[in-house]
Amino acid sequence: MSVLNLKVNGQSHSLDVDPATPLLYVLSDDLALRGPKLGCGLGQCGSCTVIVKGNAIRSCITPVDAMAGSEITTLEGLGTIEKPHPIQKAFIDGQAMQCGFCINGVIMTAKAFLDRNPKATDAQIRQAMSGVLCRCHGNGRMIRAIKRYAQGVKT
Amino acid sequence: MKPLAVSKELTPDAFVALEKTGMSRRQFIARSGALIVGFTMAELTTRLMAPGSAAAQRLDGAGSGRLDSWIAIGADGNVTAYTGKCELGQGLYTAQKQLIAEELSVPLDRVKLIQCDTALTPDQGTTSGAQSHPTNFNEKNLALASATAREALLQRASVQLGVSVDRLTVKDGVIRAQADSSKSVSYAELVGGRTFGVPLNPGAKRKHPSEWTILGKPVPREEIPAMAAGQFEFIHNVRVPGMLYGQVVRPPAVGATLVRVDDNPVQGVPGIVKVVVKNNFVGVVAEKTWQALQAANKLKVTWTPGTGLPSQRDFYEHLRNQKPTRDTFLVNSKDVDEKLASAARVVRATYHYPYQMHGSVGSSCAVADVKDGKATIWSATQAVYPLKNTVAMVLGLPPENVRVIFRLGSGCYGINGADTVSYDAALLSQAVGKPVRVQFMRKDEMAWENYGFAFVIDERAGVDATGTITTWDHESWAPTLGGRPGPNNPGNVITGFLAGFQPAAFTARTPAPEPTDFSNGSNAVPSYVTGCVGGRCGGTGAVTSQRVLTHNVKSLFWTGPLRSPARLQNTFAHESFMDEIAALVKADPVDYRLRHLRDRRLTQVMKSVAKAANWQTRPSPRPGIRRTGIAGGRGVSCVLYEGDNGYCAMVAEVEVNQDTSEITVKRLVIASDCGPISNPDGLRNQLEGGALHGVSRTLLEEVTWDDQKVTSTDWATYPPLFLDANVPKIETVLINQSDGSTMGAGETATTVTAAAIANAVFDATGARIRQVPFTRARVKAALDARA
Chain B
238 MSVLNLKVNG QSHSLDVDPA TPLLYVLSDD LALRGPKLGC GLGQCGSCTV IVKGNAIRSC
298 ITPVDAMAGS EITTLEGLGT IEKPHPIQKA FIDGQAMQCG FCINGVIMTA KAFLDRNPKA
358 TDAQIRQAMS GVLCRCHGNG RMIRAIKRYA QGVKT
Chain U
27 MKPLAVSKEL TPDAFVALEK TGMSRRQFIA RSGALIVGFT MAELTTRLMA PGSAAAQRLD
87 GAGSGRLDSW IAIGADGNVT AYTGKCELGQ GLYTAQKQLI AEELSVPLDR VKLIQCDTAL
147 TPDQGTTSGA QSHPTNFNEK NLALASATAR EALLQRASVQ LGVSVDRLTV KDGVIRAQAD
207 SSKSVSYAEL VGGRTFGVPL NPGAKRKHPS EWTILGKPVP REEIPAMAAG QFEFIHNVRV
267 PGMLYGQVVR PPAVGATLVR VDDNPVQGVP GIVKVVVKNN FVGVVAEKTW QALQAANKLK
327 VTWTPGTGLP SQRDFYEHLR NQKPTRDTFL VNSKDVDEKL ASAARVVRAT YHYPYQMHGS
387 VGSSCAVADV KDGKATIWSA TQAVYPLKNT VAMVLGLPPE NVRVIFRLGS GCYGINGADT
447 VSYDAALLSQ AVGKPVRVQF MRKDEMAWEN YGFAFVIDER AGVDATGTIT TWDHESWAPT
507 LGGRPGPNNP GNVITGFLAG FQPAAFTART PAPEPTDFSN GSNAVPSYVT GCVGGRCGGT
567 GAVTSQRVLT HNVKSLFWTG PLRSPARLQN TFAHESFMDE IAALVKADPV DYRLRHLRDR
627 RLTQVMKSVA KAANWQTRPS PRPGIRRTGI AGGRGVSCVL YEGDNGYCAM VAEVEVNQDT
687 SEITVKRLVI ASDCGPISNP DGLRNQLEGG ALHGVSRTLL EEVTWDDQKV TSTDWATYPP
747 LFLDANVPKI ETVLINQSDG STMGAGETAT TVTAAAIANA VFDATGARIR QVPFTRARVK
807 AALDARA
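Quick mapping for you: the protein sequence lines, in order, are chains B and U. Just so we're aligned, residue 238 is where the first sequence starts under the working numbering, counting upward by one. Just so we're aligned, residue 27 is where the second sequence starts under the working numbering, counting upward by one.
Keep in mind the hints are simulated off the structure, nothing from the lab. Glycine residues also receive a C-beta, built at the ideal position from the N, C-alpha and C atoms. One or more hints might be untrue.
Unchecked claim - List of simulated lysine-lysine pairs, DSS-like, C-alpha gap at most 30 angstroms:
| no. | chain 1 | residue 1 | chain 2 | residue 2 |
| --- | --- | --- | --- | --- |
| 1 | U | Lys-400 | U | Lys-314 |
| 2 | U | Lys-300 | U | Lys-735 |
| 3 | U | Lys-692 | B | Lys-384 |
| 4 | U | Lys-166 | U | Lys-324 |
| 5 | U | Lys-243 | U | Lys-633 |
| 6 | U | Lys-633 | U | Lys-692 |
| 7 | U | Lys-806 | U | Lys-243 |
| 8 | U | Lys-612 | U | Lys-806 |
| 9 | U | Lys-314 | U | Lys-304 |
| 10 | B | Lys-384 | U | Lys-755 |
| 11 | B | Lys-290 | B | Lys-320 |
| 12 | U | Lys-397 | U | Lys-460 |
| 13 | B | Lys-290 | U | Lys-314 |
| 14 | U | Lys-755 | B | Lys-326 |
| 15 | B | Lys-326 | U | Lys-692 |
| 16 | U | Lys-300 | B | Lys-320 |
| 17 | B | Lys-356 | U | Lys-755 |
| 18 | B | Lys-326 | U | Lys-360 |
| 19 | U | Lys-314 | U | Lys-469 |
| 20 | B | Lys-326 | U | Lys-304 |
| 21 | U | Lys-400 | U | Lys-360 |
| 22 | U | Lys-735 | B | Lys-356 |
| 23 | U | Lys-304 | U | Lys-400 |
| 24 | B | Lys-384 | U | Lys-243 |
| 25 | U | Lys-138 | U | Lys-233 |
| 26 | U | Lys-314 | B | Lys-244 |
| 27 | B | Lys-320 | U | Lys-469 |
| 28 | U | Lys-735 | U | Lys-326 |
| 29 | B | Lys-320 | B | Lys-356 |
Stated by the list, open to error - Away from chain U, derived, C-beta distances all over 12 angstroms, residues of chain B:
| no. | residue |
| --- | --- |
| 30 | Val-240 |
| 31 | Gly-278 |
| 32 | Gln-364 |
| 33 | Gly-368 |
| 34 | Gln-388 |
| 35 | Val-390 |
Unchecked claim - Below, a sample of chain B positions facing chain U; criterion: calculated Cβ distance under 8 angstroms:
| no. | residue |
| --- | --- |
| 36 | Leu-312 |
| 37 | Ile-340 |
| 38 | Val-369 |
Let the sequences and hints guide you as you build the complete structure.
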């Protein structure tokens, strides 16, 4: 165990954890965050995604010490129920989820990609979502919500 | 314990008082005849101390005949309702709130709904089988309770105001005289904070859909803003003070049993609390997830070799020839052999369907707190009451000492790992006397879940000289092992089995007894026969000569309901076969179906889907097929789900790249008739997702194994459609039958997808695919086999 400093959604945390612990378990167990989730633990499905330096990171396979000192943003760091971020609002307006478990990975992956590639084509957007899985197969509504957000980013 | 689970529905002091008694809300209602909502602790304590026999009055069984078990009006006039049918991501929570608000004429935001908690809600069995709408939105249960409450309130208002019921109106929880709006009384004034004390009234009238202002509207789902903001409490987010983390160690092979556990390697692991062994169940508990994972990996567990598995290559032959079998006739007109012998033509085909998995995106999770002979289980189970019983069996506790509280998990689509992980958490918590959370690692979820049934299906039909079907013969083989635990079979899922319980016994039965009643719950009977048994004809078709014989055999792996269980497999065979016959007699696939249908509503969805898809009437395959390059085609399929629970028809348009053997589904048009529609946007969401789930299963999904174990243990070895998939345009046609009964709609689109795609591939290429999934290798084989 060793003390690490972690900055999550603008707040600093000093944590005594095994530095090899995957970031996800620190976020969900120690900080009780509800956005990032354990889907596969293998970096295959996207459910655990957080944003670090503008990149979508799979927190289930990222050791926490690799993230020490970095600014980490989770889904709850984007917006709130009352004031959702525009990408969250696009999903709410489009009722673009069913069970909602995967939505963390969908939103965080899409946001990181579109913020870096605001002029992305539809094909590029789909390609960017290639490692994200929705088992309710709400693909159609999700891709539409992402495009609606993308249009806002472009303008 | 902190009142974290039920604090919202009780005043805080009432909660404390109730907790102190150890009574459930239902016991409380039965005993005291009073409502909890709005009560102070002093009032509550007085009532609870009154003499009575609480235990003897538990409300068991399906639903409840007491209005107070379903609906409570608070002192503030707000409505609290209780349901045993849970939100699984299908939108049911919001739809049920719409129902209650509609029937009681109160705004949606004044309705609070408590779902699936054995201490609070009526026993409504399992949220499954597309049965929630039929159960709670027709003439019984929650719908009847809402209607009963409205009538009871109107009657009381009539007495109080001196105005007859038919001269009263209700709006926003206030009842007024039509003639004099100053004569009014609110729900709160009538019963606020008190019980109704009346039984459900079977004569209470529901509002006709033409009067609806809340139900039937596309009300947005209540959970979605919190989900999008990362605030929603999934089962995975439940945190209990003092909670520890558990992991399980499963056998390395099917049939392997435990020899010994050497815990020396984990002695040095920081945070390790305990290694737990019970029969063949092995688990570890630690202070943190990461520690539990490391301990599970380091633990030295010795197992016997597995019992061995038959080669997957020969599996379907193995399935067809396996003994013993359990044989069942669904229909048998006893003239099938004779009609086949005299038919102008006999058509035959065999269809194969693999084991598939639920494959929830989030691995299953539960939290258990077992101490002092009592247990509280937070679970994403579809079956809180049955689970209460089987957890009690697993823990050796009386069922009344177990409380199961539902929290939404990752979409389950049937019995995923939610029940079995609840046993894991319970066993580990019992061993350490503290709350324990377990979330599976991916391989533990995938290698041991209750898979959807594999099938081998033989179809035969006789056709007369005019091309009309004269007889239909269906015979199928499907493996089964375990399933939903129900109220007394914890061995139906892996943890219960490892802990020493056996799955429900397989009872062989040969020959099949003659059918005594028609039921088509598994859609084993095709839509085109009359379904006549014992003089009653429950089928949807015209063909009178019919035989449907099914064989169940013991499965290699655990099985259980997976979205459209058996119905998808049977419908794939029936609807593909119907297409094959139509092609043989050179008939248009839609016309040919309509010729053999008798059911008005199934006919209507077929016609509607054909119209919406701009279906061009002609036989399949399309004329002028080239054997290379990209070919486009269309196919159709339909079903009356479970024989009585939702009509659906689909047109699929596909492109087949005949050089790469790749299928691309371009467009799906779906017509649905599920009676009066509760929430059209929710219905569309279900149809769209269900159809795409169907595409994923049709094109990609198949559980694989070697000679010892399942080898589909992650998304690389069991790849479904991901979000980069080139998904079809999906169009839905909703037929709102406002005078009919409400039916299910969450599984109908999934049911028809495989056959619609197979038929479209045939239309495009002339190649027939009879085995799911339609892998490139199978498409290539079918293309190469063309004449």
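Verification of the hints:
Of the supplied pair hints, the one linking Lys-400 (chain U) and Lys-314 (chain U) holds, its CA atoms being roughly 24 angstroms apart against a limit of 30 angstroms. Of the pairs offered as hints, the one joining Lys-300 (chain U) and Lys-735 (chain U) holds, with about 28 angstroms between alpha carbons and a cut-off of 30 angstroms not exceeded. The hinted pair formed by Lys-692 (chain U) and Lys-384 (chain B) meets the criterion: a straight-line CA distance of about 20 angstroms does not exceed 30 angstroms. Among the hinted pairs, Lys-166 (chain U) with Lys-324 (chain U) is inconsistent with the structure: their alpha-carbon atoms are about 54 angstroms apart, more than 30 angstroms.
As the CA atoms of Lys-243 (chain U) and Lys-633 (chain U) are separated by approximately 26 angstroms, the hinted pair is consistent with the 30 angstroms bound. With a C-alpha separation of about 21 angstroms, the suggested pairing of Lys-633 (chain U) with Lys-692 (chain U) holds against the 30 angstroms cut-off. Annotation: proposed proximity of Lys-806 (chain U) to Lys-243 (chain U) is violated, straight-line Cα distance about 47 angstroms (limit 30 angstroms). Of the supplied pair hints, the one linking Lys-612 (chain U) and Lys-806 (chain U) holds, its CA atoms being roughly 25 angstroms apart against a limit of 30 angstroms.
Using a Cα cut-off of 30 angstroms, the hinted pair Lys-314 (chain U) and Lys-304 (chain U) holds, with the two alpha carbons roughly 22 angstroms apart. A threshold of 30 angstroms between alpha carbons decides the hint, and for Lys-384 (chain B) with Lys-755 (chain U) the separation of about 15 angstroms falls inside it, so the pair holds. Proposed proximity of Lys-290 (chain B) and Lys-320 (chain B) is supported: the alpha carbons are some 23 angstroms apart, at most 30 angstroms. With a CA separation close to 7 angstroms, the supplied pair Lys-397 (chain U) and Lys-460 (chain U) stays within the 30 angstroms bound.
With a C-alpha separation of about 28 angstroms, the suggested pairing of Lys-290 (chain B) with Lys-314 (chain U) holds against the 30 angstroms cut-off. The suggested pairing of Lys-755 (chain U) with Lys-326 (chain B) holds, with an alpha-carbon distance near 23 angstroms, which does not exceed 30 angstroms. The straight-line distance between the Cα atoms of Lys-326 (chain B) and Lys-692 (chain U) is roughly 29 angstroms, inside the 30 angstroms bound, and the hint therefore holds. For the suggested pair Lys-300 (chain U) and Lys-320 (chain B), the alpha carbons sit about 44 angstroms apart, so the restraint of at most 30 angstroms is broken.
Under the criterion of a C-alpha separation no larger than 30 angstroms, the hint pairing Lys-356 (chain B) with Lys-755 (chain U) is consistent with the structure, at around 23 angstroms. For the hint pairing Lys-326 (chain B) with Lys-360 (chain U), the CA-to-CA distance comes to about 61 angstroms; that exceeds 30 angstroms, so the pair is violated. In summary, the hint linking Lys-314 (chain U) to Lys-469 (chain U) is supported, as the alpha carbons are separated by about 20 angstroms, within the 30 angstroms threshold. With a CA separation close to 49 angstroms, the supplied pair Lys-326 (chain B) and Lys-304 (chain U) exceeds the 30 angstroms bound.
Note on Lys-400 (chain U) and Lys-360 (chain U): the hinted pairing is violated, with a Cα-Cα distance of about 57 angstroms set against a maximum of 30 angstroms. With a CA separation close to 47 angstroms, the supplied pair Lys-735 (chain U) and Lys-356 (chain B) exceeds the 30 angstroms bound. Restraint check for Lys-304 (chain U) and Lys-400 (chain U): satisfied, since their Cα atoms lie roughly 19 angstroms apart, inside the 30 angstroms limit. Restraint check for Lys-384 (chain B) and Lys-243 (chain U): the C-alpha separation of about 26 angstroms stays at or below 30 angstroms, so the hint holds.
A threshold of 30 angstroms between alpha carbons decides the hint, and for Lys-138 (chain U) with Lys-233 (chain U) the separation of about 21 angstroms falls inside it, so the pair holds. Note on Lys-314 (chain U) and Lys-244 (chain B): the hinted pairing holds, with a Cα-Cα distance of about 21 angstroms set against a maximum of 30 angstroms. Distance hint between Lys-320 (chain B) and Lys-469 (chain U) is unfulfilled; the C-alpha atoms sit about 38 angstroms from each other, more than 30 angstroms. For the hint linking Lys-735 (chain U) to Lys-326 (chain U), the alpha-carbon distance of about 19 angstroms falls within 30 angstroms, and the restraint holds.
Restraint check for Lys-320 (chain B) and Lys-356 (chain B): satisfied, since their Cα atoms lie roughly 26 angstroms apart, inside the 30 angstroms limit. The non-interface label for Val-240 (chain B) is consistent with chain U: the shortest C-beta to C-beta separation is roughly 15 angstroms, beyond 12 angstroms. Listed as outside the interface, Gly-278 (chain B) is inconsistent with that label: its C-beta sits roughly 6 angstroms from the nearest C-beta of chain U, within the 12 angstroms cut-off. Taking the minimum C-beta to C-beta distance to chain U, about 6 angstroms, the non-interface status of Gln-364 (chain B) is violated against the 12 angstroms cut.
The non-interface label for Gly-368 (chain B) is inconsistent with chain U: the shortest C-beta to C-beta separation is roughly 7 angstroms, within 12 angstroms. Listed as a non-interface residue, Gln-388 (chain B) keeps its Cβ farther than 12 angstroms from every Cβ of chain U; the least gap is roughly 18 angstroms. Separation of Val-390 (chain B) from chain U is adequate, the least Cβ-Cβ distance of about 17 angstroms exceeding the 12 angstroms criterion. Against a cut-off of 8 angstroms between C-beta atoms, the interface hint on Leu-312 (chain B) holds, since the closest Cβ of chain U lies about 3 angstroms away.
Residue-level restraint check for Ile-340 (chain B) holds (minimum Cβ-Cβ distance to chain U is 6 angstroms; threshold 8 angstroms). Here the hint on Val-369 (chain B) is kept, as its CB sits about 4 angstroms from the closest CB of chain U, short of 8 angstroms.
Checked against the numbered hints above, the structure breaks hints 4, 7, 16, 18, 20, 21, 22, 27, 31, 32, 33 and satisfies the rest.
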